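Sequences are here, hints too, so could you generate the full structure?
For reference, each letter of the sequence shown is one residue, going 11 to 145 in my numbering.
Careful, some of the hints might be misleading.
Said to hold, decoys possible - Listed next, with one range per pair, are the computed distances between beta-carbon atoms:
# : residue 1 : residue 2 : range
1 : Ser36     : Leu118    : 24 to 34 angstroms
2 : Leu118    : Thr46     : 11 to 21 angstroms
3 : Pro138    : Ala80     : 22 to 32 angstroms
4 : Ala115    : Thr13     : 51 to 61 angstroms
5 : Phe47     : Gly135    : 22 to 32 angstroms
6 : Pro141    : Lys40     : 31 to 41 angstroms
7 : Gly81     : Ile18     : 29 to 39 angstroms
8 : Gly135    : Cys22     : 54 to 64 angstroms
What the hints contain is simulated information worked out from the structure, not anything from laboratory work. All figures in this text were calculated on a predicted structure; none of them were measured in a lab. The beta carbon of each residue, even a glycine, is placed where N, CA and C say it ideally should be.
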Amino acid sequence: MITVILIIGITCALIFFVGAWYSKKSEYQKRARLYTFSSAFWARWPGERLWVAPYPELAGEAARCEDILAGMGLTPPHYEHEQSEPVIKAEDAQRGDQRVDRDGASFLAKRGVVLQAMTHAIAQGRGPQSPPGTP
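Set out below in structure tokens:
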């Protein structure tokens, strides 16, 4: 009887740890994919070419920037850092805060530029248009 309970306990612990490892791995993969697609966007539309980028690509990059900022714990409307429980060492927290400050500022700036380019695209007639007859 004790052996069965012990086996069940070990199995549950193993399932828990494998699940935690897999979910962390998938989060890293998602973040890597977002960074890769964002880098590819900026390589396709550098500098002044951004202002002639197709609206759907601009909207996609804006969404990626939002997802990256959310992954850093920065939340709208002012993109302030969410408060969390102090569960990591102070040195790691400071290093993480420096990364969030640096990358967060970068992606906030990129998001702002993309939103301006989206507004420009709409003004040029390249964005989503209102149906005829609507104000």
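Hints, one by one, checked against the model:
no. : hint                               : verdict
1   : Ser36 - Leu118: 24 to 34 angstroms : 26 angstroms, holds
2   : Leu118 - Thr46: 11 to 21 angstroms : 20 angstroms, holds
3   : Pro138 - Ala80: 22 to 32 angstroms : 24 angstroms, holds
4   : Ala115 - Thr13: 51 to 61 angstroms : 57 angstroms, holds
5   : Phe47 - Gly135: 22 to 32 angstroms : 27 angstroms, holds
6   : Pro141 - Lys40: 31 to 41 angstroms : 35 angstroms, holds
7   : Gly81 - Ile18: 29 to 39 angstroms  : 36 angstroms, holds
8   : Gly135 - Cys22: 54 to 64 angstroms : 60 angstroms, holds
Going through the hint list in order, the structure satisfies each hint without exception.
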